[in-house]
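Enquirer: Take the sequences, apply the hints, and build the full model.
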Amino acid sequence: MKKLEIRTVDVVRYVKPLREGGSLPAIVEADDEFPYVIKFRGAGQGKKALIAEFIGGELARAMGLKVPEIVFMTLNDSFSKTEPDEEIQDLLDFSVGLNVGLHFLSGAITYDPLLPIADPMTASKVVLLDSLITNIDRTHRNTNLLNWKKELWLIDHGASLYFHHMWDNWEEHSGRLFPAIKDHVLLAEASKLDEAAKEIVQSIDKSVIKEIVSHIPADLLTEEGSDITAEEKRTVYTEFLSRRFANIELLTKEAKDARKASV
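UniProt numbering puts the first residue of the sequence shown at 1, with every later residue one more than the last.
Since the hints were made in silico from the structure, they are not lab data. Everything hinted at is true.
Heads up, simulated SDA-like pairs for lysine to any residue below, C-alpha to C-alpha not over 20 Å straight-line: (1) LYS150 with LEU115; (2) LYS253 with GLU199; (3) LYS66 with VAL201; (4) LYS48 with SER226; (5) LYS16 with LYS81.
For clarity, every value in this text was computed on a predicted model and none was experimentally measured.
Expert: This is the structure in structure tokens:
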């Protein structure tokens, strides 16, 4: 993996909210003149969802999967002052500072499971990615996938890594299987799980994980009332993910068994 470079941009225009789900992401324009979908630190799961978004997206990219560019986005306090919607106004107020954005893919449509565009290897990698990062939110009900220019793109990993809502039992979580994989939207297409696992192991080792985690800003890792430092949290994320990847054979078998039971 080449050295990771994550840009930080400033939000210059709030375009419109995306009223899908409860977190109210929005389309904004940044000072680089590009549009982004911004995920707000002031939304439901707060900064932890942004961390999961970043880690999940960059791990997917390291596997060779397609993910919109992820940036850190600075939001100032001026936007809420001109926003008439009180709910959005509060969200903007609570999100002043550093947020996470994904490059907006103009013209992309939500992935339709009835019109599959994922080849077996891509589908298998996505299934294993979600098992590794414990992503419970890629189902037929909510695919979190886009069809852009007839290619599959991954978005929205904020529901991943749910262990970090309870730091004290991360070691136990790291060794668990992931039964929710049976509901994965791409499971039926994932016919190359063994081959995908081999490619993932070749692409990602502990150094890659550590490199990704090292880019999480301390601001997003800091919680009021928590005694755990930002650096200690980076260490936990690195160790948790390293243990998950070390268990990829068991997770692959679990996915294969779930696929056999459902296909």
